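There are 2 protein chains.
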Amino acid sequence: MRRQIVLTVFLLLASEACEAASRRNVLLLISDNQNWDDCGCYGNEVVQTPNIDRLAKEGVRFSHAFATTASCGPSRAVIYTGLHTHANGQYGHGHGYHTFRLMPKVRTVFQMLVDNGYRTALLGKQHTTPEEQYPFTFNPKIANRDVLGLAKAGAEFINQADDQPFFLVIAYHDPHPTSIERPGWGIRTDYESVAPVTYDPKDVIVPSYLPDQPEVREGLAGYYQQITRMDQGVGAILKSLDESGKANDTLVIFTSDHGSSEPGAMSNHYEPGVRVPFIVRNPDIEQHGFVNSGMVAFTDIVPTILDWTETDGPDYALHGRSILPILATPEPSGWDEVYLSHVFHEVTMPYPMRTIRTAQHKLIWNIDWRSEYPLPIDTLNRATWQETLRRGDRLIGPRTVKKFLLRDEIELYDLQSDADEIINLADNPAHSELRLELSRKLFAYLKKTGDPWLLRHDLPGVGEDDPSPAFGHRRALNDEDDYVSLFDGGSLDGWQLRRADRKGYAVERGTLVCPADGGGFLFTDKEYGDFSFRFEFRVAEGANNGVAIRCPLVDERPAYEGIEIQILDNVGYPRALKPTQYHGSIYDVVPAKRGALKPSGEWNEEEIVCRGTRIVVIVNEMVILDTDLDNIKDAVILAKHPGLQRKTGHIGFLGHGSRVEFRNIRIKEFDP
Amino acid sequence: MRRQIVLTVFLLLASEACEAASRRNVLLLISDNQNWDDCGCYGNEVVQTPNIDRLAKEGVRFSHAFATTASCGPSRAVIYTGLHTHANGQYGHGHGYHTFRLMPKVRTVFQMLVDNGYRTALLGKQHTTPEEQYPFTFNPKIANRDVLGLAKAGAEFINQADDQPFFLVIAYHDPHPTSIERPGWGIRTDYESVAPVTYDPKDVIVPSYLPDQPEVREGLAGYYQQITRMDQGVGAILKSLDESGKANDTLVIFTSDHGSSEPGAMSNHYEPGVRVPFIVRNPDIEQHGFVNSGMVAFTDIVPTILDWTETDGPDYALHGRSILPILATPEPSGWDEVYLSHVFHEVTMPYPMRTIRTAQHKLIWNIDWRSEYPLPIDTLNRATWQETLRRGDRLIGPRTVKKFLLRDEIELYDLQSDADEIINLADNPAHSELRLELSRKLFAYLKKTGDPWLLRHDLPGVGEDDPSPAFGHRRALNDEDDYVSLFDGGSLDGWQLRRADRKGYAVERGTLVCPADGGGFLFTDKEYGDFSFRFEFRVAEGANNGVAIRCPLVDERPAYEGIEIQILDNVGYPRALKPTQYHGSIYDVVPAKRGALKPSGEWNEEEIVCRGTRIVVIVNEMVILDTDLDNIKDAVILAKHPGLQRKTGHIGFLGHGSRVEFRNIRIKEFDP
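Line by line, the protein sequences give chains A and B. For the first sequence, position 474 matches number 474 in my numbering, and the numbering has no gaps at all. For the second sequence, position 453 matches number 453 in my numbering, and the numbering has no gaps at all.
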């Protein structure tokens, strides 16, 4: 009995929900790789978009709307889930060998609306994985480029039933290039379902992020042609909506998944990548045709649709909020920043970025900044990029090719004075407070949204408070600050020569030189016991020298009175060698590994670490000797080498009459 | 009627297949993160593994067997698919937020065997995604660590039916650490299903890839304890197999998914990561108890099982081959190399590596070598690593922490002379032919196995023949070879001073200095027209200097007779400035962007590019000026600056009596 009552109440509630929802439809139109300002209504006076412009007149046009990731599949997943890519699992593409997909626990707006009694359709480019999380009640196969075919199918769906509200997405494949191999935009006329409107390359507007080159203009002409074709599709579906009599119950949104396929846009967090056209027509509000400067992001789309359709959200928090309350407010307060999150485009191109964008500034955290920025295959193959490489251009648009490929860990731009995002202020002392403030906000936001990348990476300057397990890596890779210089580059101050019968050392062009006709023992004035001693050196062919450590100030036998670490051109040395004579060996005592030394004439890096009885020699970051003097038990050796017992002494270069150069000589002493 | 005949024939064939197969079972035992040599039979005299040792006596022990990726989920996917991780889609883990899974077209050995009438079970650690590609006919829930429980369930499965052959995998969770937070190996006694055998940390053998530290020994003691526990499980299932009477029809394989969880093993292509124990007991062959030196890899397991069970493979080529024909040949010919492929462990830690390993050498291609090597979370949290960081150790085992984290693009090791893989011979001229030969083999193998990473990355030295679209990046990032030096670091050779009423320039410690009390115009002897001019500089606070380009040899007005690119301390300059006076501006003509300059006292990099009428100034890789002189139409400016019309001239430093230092001064001239 009780069960029956519960069921009845449920059915009543459900039918109320359906009734409420039946008046509230949604039409979402998504362009493919279109820059925010390449519409007439956004200020481009060349490209013809009369239908999009009409929608802007009848609705509200957002000037600061953002895709949170400028990658097709992931961006669509943000649109459909209301979650950042780092939280929904669609980190990159889902098709072919890319294999990404939504996490099973994530619910799409299609699932939520179907549960609320909606009919759903996603016509055109789907790019959605896995299928089971995208329930479409209507799913005909229409060619992505057939914009009138899409409109026709859309009309069929809109008119399909009157007792169920609808959620219709038309995802165009324009103005995505139709071919990555062909020149221009690869326009394929067999896709045309409307009379083509073509553009002369000389008329197009080359945006500041691209070079003004013939192949760029040719591409833009094709891109414009596709935008105009798509606009005709937009006109057709809006006309059908009007004819259906449902326009007054339908929220219409027009946007693009992200910016153009050209380098600097797609797969970047620069403005051309993430800033998108965003037009909302709400039949309920009277004001229209104005610009809303509120900063909105794709994470706001699902909350907006749920709000409009009075649909329950999932049992976890979404990352955005409904924009319906601020639609009619041109300058809404509290809509002052957006957060962006990118992980992959293709599975072969990880490049995690996290970004906060305020009205004036943008801070980008390139998590894997050491890595080469991976251009998506679409961009990589575009003539714009390939011709830039072929010509050997130093710049791609407003930035250097090098900086485009190898980015700073933190990028901080003032968009007011530097709209092209070129002058990175992150390390500029005048902006350190701003950097810290934005970093803190970004970090708090990523924590709140459960970003798994925070488990492995520290946002610099902020991670100290809440370090990841990899926190110590930064210090391990940056230890030079602990060292003091032993050579001023101009004099032998701090050094003294012994065995002065040899001609001694010289300073040439900032380097310390043991000339071929010079040599002798050049010792530090100070004594050192436990230390790390670093220097760079290069040897003339066949050269022989050595580094004395823990040595008394002697005129002879430093290799016995102290310890000598060999410096020697292993390959070019003209005579036969014992194992303990090769470079890095403790002379006459412990042999070093060979093969780490560069050919004579090239600079090497060396470090000698002495800590108690352990001696380590590192050449070019390869450990060639790691020995404990305590393990030397040979009585003959011990008797011959009293220096092995010493705890401290001078460091010295032991010139043997062949040319060796040293520079960047520095030391860190260990606490006893 | 015809249909009935076909069906009958099919059933006859199927029953024959079942009959043939019914004599041929497979028992595959997989240890979790165990180094290849941590078994008694592999030479470790401390850890007790009597049951594994017995299996080795009754079978064949491979000395050179390799996991192709040292990451748990992906390695198991290789074991079960016979395809490298780059081809099966299981690029990284499949659980939680990692979301990787096999590509739908890929078939697992479980699917193939089920289709051939087999019963299948994978007891213990599964780590397999997605479920639908892993059909198990028997799938009880047994705790991973309950080794006797696993044996008991295994026995139940073995004895389940006699009319169907079986494929049984027992995947232990030992000796994987039981806790990433707790000290030691985090042994949890509540997992014990056998009487624990414990080890004293002082008795363990510290392998050469780890530091001999107390926390390492404590960990190894726990690791040994788990190996011995697992060994008892191995004993129990082998006993049950004997008791079932099916041992003579059963191929038994024992291996580990990859090496230990310690740094340098797991998720590396170094030997401790990829080399695994591998024992095969084939009841059909009489010889046993010997070592087989053939090089085998996990890609060979599926072909071997298909061979043994007479099961059809998939409709695509597998990456390995059956080892059954060479089992009884201790030194089989044609088994001289293996190929390894790693992509991810966690989704947050891409680190694609491709490797060829021959009997003597190993060549590793670290595709994303610029990136910091990402330790898997297991390793990252181990005391071994955390204590290394806490102590600030320079080394982790036999290599530097720096080199462990930042690797070379190509690593080439001679394993005979350098078993620890420390001395990278890749750039050693003596090994260039070997490097090329191994690179070519590796490249051909990756092409053959359809590696998607080849679509985006060029194996250096080999990619020229078959370049990826990103081929030109390497050159774009390495253009310094095209430049010639204009300053020898020791003299002013090649330069001449004008406006000699000032005190001129000095050379100090390899740098060219304009002293505070010096200055004048220091011009190159040569003239340059179109060029890229690069130099480093640092300014004293408030300093002012300039670079003349295309300038005649004048004693006055070089900023008008030629062109002057400003050098100026924007922040510290004591007087008010016009926009065209800031650093990088064309003096009095075109203003530069500000903010790119480092504070006074720090070195900056600058480049001035002149090509026809286009002038570009780049400071610290930020483009601060990019102008076309043709766009200057102001008649007053043009009259005042005749130098703007010049096509060629001298380059010069225009000292104004404040200290500025220059170094690394170099130029590249463009062809006219």
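Source of the hints: derived by calculation from the structure; they are not laboratory data. Small disclaimer: the values here were computed from a predicted structure and weren't measured. From the three backbone atoms N, C-alpha and C, an ideal C-beta is built for every residue, glycine too. Please note that a few of the clues may not be correct.
[Unchecked claim] Listed below are the simulated DSSO-like cross-link pairs for lysine-lysine, each with C-alpha atoms no more than 27 Å apart in a straight line:
1. B/K647 with A/K105
2. A/K57 with A/K239
3. B/K402 with A/K403
4. A/K633 with B/K402
5. A/K402 with B/K633
6. B/K246 with A/K402
7. A/K105 with B/K246
8. B/K403 with A/K668
9. A/K403 with B/K141
10. B/K633 with A/K202
11. A/K526 with A/K403
12. A/K403 with B/K403
13. B/K503 with B/K633
14. B/K633 with A/K668
15. A/K402 with B/K202
[Unchecked claim] Here are the in silico distance ranges between beta carbons for each label pair:
16. A/P579 with B/V291: 29 to 39 Å
17. A/P579 with B/D242: 51 to 61 Å
18. B/K447 with A/P130: 53 to 63 Å
19. B/D465 with A/A317: 44 to 54 Å
20. B/D481 with A/G490: 48 to 58 Å
21. B/D312 with A/A317: 45 to 55 Å
22. A/P140 with B/D312: 34 to 44 Å
23. B/S293 with A/E527: 32 to 42 Å
24. B/D482 with A/D427: 56 to 66 Å
25. B/D115 with A/D115: 57 to 67 Å
Status of each hint after checking the structure:
no.: 1; hint: B/K647 with A/K105; verdict: violated (66 Å)
no.: 2; hint: A/K57 with A/K239; verdict: holds (15 Å)
no.: 3; hint: B/K402 with A/K403; verdict: holds (24 Å)
no.: 4; hint: A/K633 with B/K402; verdict: violated (33 Å)
no.: 5; hint: A/K402 with B/K633; verdict: violated (33 Å)
no.: 6; hint: B/K246 with A/K402; verdict: violated (65 Å)
no.: 7; hint: A/K105 with B/K246; verdict: violated (44 Å)
no.: 8; hint: B/K403 with A/K668; verdict: holds (20 Å)
no.: 9; hint: A/K403 with B/K141; verdict: violated (53 Å)
no.: 10; hint: B/K633 with A/K202; verdict: holds (23 Å)
no.: 11; hint: A/K526 with A/K403; verdict: violated (44 Å)
no.: 12; hint: A/K403 with B/K403; verdict: holds (25 Å)
no.: 13; hint: B/K503 with B/K633; verdict: violated (38 Å)
no.: 14; hint: B/K633 with A/K668; verdict: violated (59 Å)
no.: 15; hint: A/K402 with B/K202; verdict: violated (53 Å)
no.: 16; hint: A/P579 with B/V291: 29 to 39 Å; verdict: holds (31 Å)
no.: 17; hint: A/P579 with B/D242: 51 to 61 Å; verdict: holds (53 Å)
no.: 18; hint: B/K447 with A/P130: 53 to 63 Å; verdict: violated (30 Å)
no.: 19; hint: B/D465 with A/A317: 44 to 54 Å; verdict: holds (53 Å)
no.: 20; hint: B/D481 with A/G490: 48 to 58 Å; verdict: violated (30 Å)
no.: 21; hint: B/D312 with A/A317: 45 to 55 Å; verdict: holds (50 Å)
no.: 22; hint: A/P140 with B/D312: 34 to 44 Å; verdict: holds (38 Å)
no.: 23; hint: B/S293 with A/E527: 32 to 42 Å; verdict: violated (54 Å)
no.: 24; hint: B/D482 with A/D427: 56 to 66 Å; verdict: violated (29 Å)
no.: 25; hint: B/D115 with A/D115: 57 to 67 Å; verdict: violated (38 Å)
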